[in-house]
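Peer 1: Chains as they are written, first to last, in the numbering used here: chain A, 1 to 139; chain B, 1 to 139; chain C, 1 to 139; chain D, 1 to 139; chain E, 1 to 139; chain F, 1 to 139.
Honestly, the hints are just simulated from the structure, not real lab data. Each hint should be verified, as a subset may be incorrect.
To be verified - Here are the computed lysine-lysine pairs in the BS3-like style, where the Cα-Cα straight-line distance is at most 30 Å:
id	chain 1	residue 1	chain 2	residue 2
1	B	66	E	63
2	D	63	A	66
3	C	66	D	31
4	E	66	F	63
5	D	63	F	66
6	B	66	E	66
7	B	31	A	63
8	F	66	E	66
9	C	31	B	63
10	A	66	D	31
11	F	66	D	66
12	F	31	B	66
Protein chains: 6
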Amino acid sequence: MLITRRATFSASHYYWNPDWSPEQNLAVFGKCANRAGHGHNYTLEVTVSGSVDPVTGFLVDLKWLKDLIEHEVLDVYDHRHLNLEVPEFAHTIPTTENISIAIWNRLVPAIASASTARLTTVRIYETPEIFAEFSGGQA
Amino acid sequence: MLITRRATFSASHYYWNPDWSPEQNLAVFGKCANRAGHGHNYTLEVTVSGSVDPVTGFLVDLKWLKDLIEHEVLDVYDHRHLNLEVPEFAHTIPTTENISIAIWNRLVPAIASASTARLTTVRIYETPEIFAEFSGGQA
Amino acid sequence: MLITRRATFSASHYYWNPDWSPEQNLAVFGKCANRAGHGHNYTLEVTVSGSVDPVTGFLVDLKWLKDLIEHEVLDVYDHRHLNLEVPEFAHTIPTTENISIAIWNRLVPAIASASTARLTTVRIYETPEIFAEFSGGQA
Amino acid sequence: MLITRRATFSASHYYWNPDWSPEQNLAVFGKCANRAGHGHNYTLEVTVSGSVDPVTGFLVDLKWLKDLIEHEVLDVYDHRHLNLEVPEFAHTIPTTENISIAIWNRLVPAIASASTARLTTVRIYETPEIFAEFSGGQA
Amino acid sequence: MLITRRATFSASHYYWNPDWSPEQNLAVFGKCANRAGHGHNYTLEVTVSGSVDPVTGFLVDLKWLKDLIEHEVLDVYDHRHLNLEVPEFAHTIPTTENISIAIWNRLVPAIASASTARLTTVRIYETPEIFAEFSGGQA
Amino acid sequence: MLITRRATFSASHYYWNPDWSPEQNLAVFGKCANRAGHGHNYTLEVTVSGSVDPVTGFLVDLKWLKDLIEHEVLDVYDHRHLNLEVPEFAHTIPTTENISIAIWNRLVPAIASASTARLTTVRIYETPEIFAEFSGGQA
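Based on the provided sequences and hints, a complete structural model is requested.
Peer 2: Okay, here's the thing in structure tokens:
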């Protein structure tokens with residue numbers, strides 16, 4: 001059994017490898033290399049697995065999961081510039097892939113410490129056309 | 001190979017454990033504990049697996065699957081109060097998780113008796129922000 | 001200039017005219033006449049018109065409009081049975097049309113007392129397939 | 001007869017009135033006042049009116065309209081920081097309302113100079129929950 | 001008061017002016033000029049206006065409107081090749097604009113003969129990115 | 001780690017088994033057997049798996065994947081009649097299932113020859129209500 005909660009946040013980012021020349025950054029990252037930044041409405045889907053409690057009918061309390069996503073992710077990412085204001089992206093490019101890993105790393109301990117449910121998948125949509133999905137293990 | 005058919009139904013429900021006091025129900029279930037009921041437009045996705053018939057190009061006849069979902073699920077759930085009118089929720093709280101299990105239990109024998117395809121997943125959206133997914137086995 | 005804010009709520013309702021026999025209710029209202037109730041995820045769009053304040057760039061403060069919709073509508077409608085718990089539907093059938101009028105009547109004085117913006121339209125979706133739109137005047 | 005073409009772009013912005021103290025900006029604009037910027041996937045709907053050419057069946061050539069939106073708007077706004085890189089927002093706060101006016105002002109002369117169709121409405125979604133609509137005249 | 005009902009149909013079409021050379025058709029209509037045809041999932045929104053019947057709470061019976069759209073439009077358009085099988089497009093190019101006019105012409109008498117409601121707008125989406133809207137009068 | 005890119009195309013098709021009588025085709029395929037053809041806006045989701053390059057933060061360059069989908073699939077399928085113009089459907093019925101296999105077969109070598117990423121899943125929506133998913137192996 002899996003249950004998923006969706007959330008959204010709006011953030012800025014850019015793609016830039018400081019070991020490269022501006023020309024190389026532009027060649028690889030195109031318009032995403034613009035250092036003034038651009039942004040997205042990200043949609044996040046957090047999926048947890050576990051067994052259904054026969055007393056409540058819940059795998060997890062979705063109000064608890066919503067609050068946890070809010071505290072662990074949205075309070076840090078929403079209305080922020082990911083490169084400049086979110087610590088895990090100080091030296092890591094905030095691509096869709098890396099954002100899914102970073103959110104996974106934030107949620108795993110928070111869920112493990114407070115629930116018998118297990119984080120199964122973090123899916124993040126940068127736009128409706130692009131999404132990454134991380135399920136742990138080697139990235 | 002998997003093929004999925006989506007359907008929608010509108011129903012009422014509430015969350016209430018009769019072994020608990022009203023205060024405890026309110027504490028755990030919040031506004032979902034309102035006994036007057038509230039409702040949702042549920043979206044159901046039924047996924048079956050199997051092999052493609054080289055004569056028809058079909059894994060299953062989707063018109064048949066649509067009718068089966070209609071008879072087995074929508075005729076019983078649509079425009080109904082799940083707690084009060086649907087037998088499997090007489091003593092089971094109709095959470096998103098439990099609805100996915102109940103629909104699974106309705107569809108498995110109906111599909112097995114009439115097709116070589118195998119039910120793989122039942123996904124049910126309570127709102128666009130919340131969905132449960134059951135693939136059989138222990139719930 | 002128009003600006004619109006969307007909100008959602010989940011509620012139960014049924015269609016029933018107490019002056020009619022059960023047979024007549026069933027004939028006119030079909031499965032919506034089920035007195036156990038059924039429900040929907042309603043989507044509400046509130047559109048206001050006015051001029052843009054050159055100091056803020058706002059027609060209205062959307063945070064204020066969000067809070068107003070929450071207090072005036074969602075706190076009363078969300079997770080409620082419209083017929084049984086919302087006063088304006090005690091003797092009025094909560095059809096999509098009548099819900100749009102009732103929300104209009106709730107919002108007009110609240111907006112007029114606190115803003116120079118003018119409520120222009122209330123659009124309410126019962127499902128993605130059905131929506132009513134009220135812009136004041138004779139209903 | 002109206003015909004509408006939708007387009008999307010991703011951009012950063014912040015809300016800041018330079019005549020105000022930081023405290024006042026924070027009080028009015030909340031988290032949108034963050035000078036590092038945040039961003040959105042904007043959806044733009046451009047509606048033109050006119051009569052249908054009996055020879056082509058077109059009110060306008062939608063390929064032409066798509067290219068025009070691309071040249072006049074997307075090339076300037078997409079993957080840009082609106083406050084820092086788009087001239088019309090150097091001294092105007094890029095609220096949803098002001099973006100709709102700015103796009104209107106870009107499109108009116110471009111359409112008028114090349115078509116008998118008339119720009120009727122610019123609708124811009126900042127998120128699926130918020131959209132502004134400008135139809136000319138006094139803003 | 002307006003109420004809208006949405007419906008969908010899938011159809012083929014191509015754009016071709018028989019008075020033109022193939023080269024001219026290709027120059028004006030691009031890949032839409034392919035005579036083998038291509039197709040779309042069209043979404044139709046039919047909006048009617050009128051007053052709310054205080055006895056039913058209905059502007060129109062939406063079940064009736066759904067059936068009417070089905071009989072007048074879907075039975076003729078769905079799973080059809082518009083140019084080859086729908087009479088009004090034998091000599092008229094089935095552009096989005098012309099489809100909205102043709103549906104309007106089908107619905108106006110059907111609604112007028114059976115209801116006090118008035119057809120207000122026919123909106124047709126060819127894709128989520130393109131829609132035409134006809135409200136009567138000169139096209 | 002998985003990353004998915006969505007694309008859309010519009011095409012015509014019909015379902016017809018030339019070994020059957022017209023009556024049998026009609027009995028099995030219903031209105032899809034109409035030889036004039038009908039069409040859809042297909043939505044394609046291409047999912048690839050692999051590891052994230054620490055230098056770019058990319059599993060694959062999504063611009064490259066977009067171009068590859070365009071060259072390998074859209075250039076051949078978009079605004080085409082699948083039965084009449086796409087070689088793999090000359091003798092294979094273009095059902096949703098078979099389209100997912102055909103796109104898989106087009107993409108596997110193209111991705112393998114140019115990337116260390118592995119094609120994981122091809123999902124194709126014929127309408128929002130129906131989608132097939134192929135992950136390789138025996139169809």
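Peer 1: What are the numbers of the hints that this structure violates, sorted from low to high?
Peer 2: Violated: hints 2, 4 and 8.
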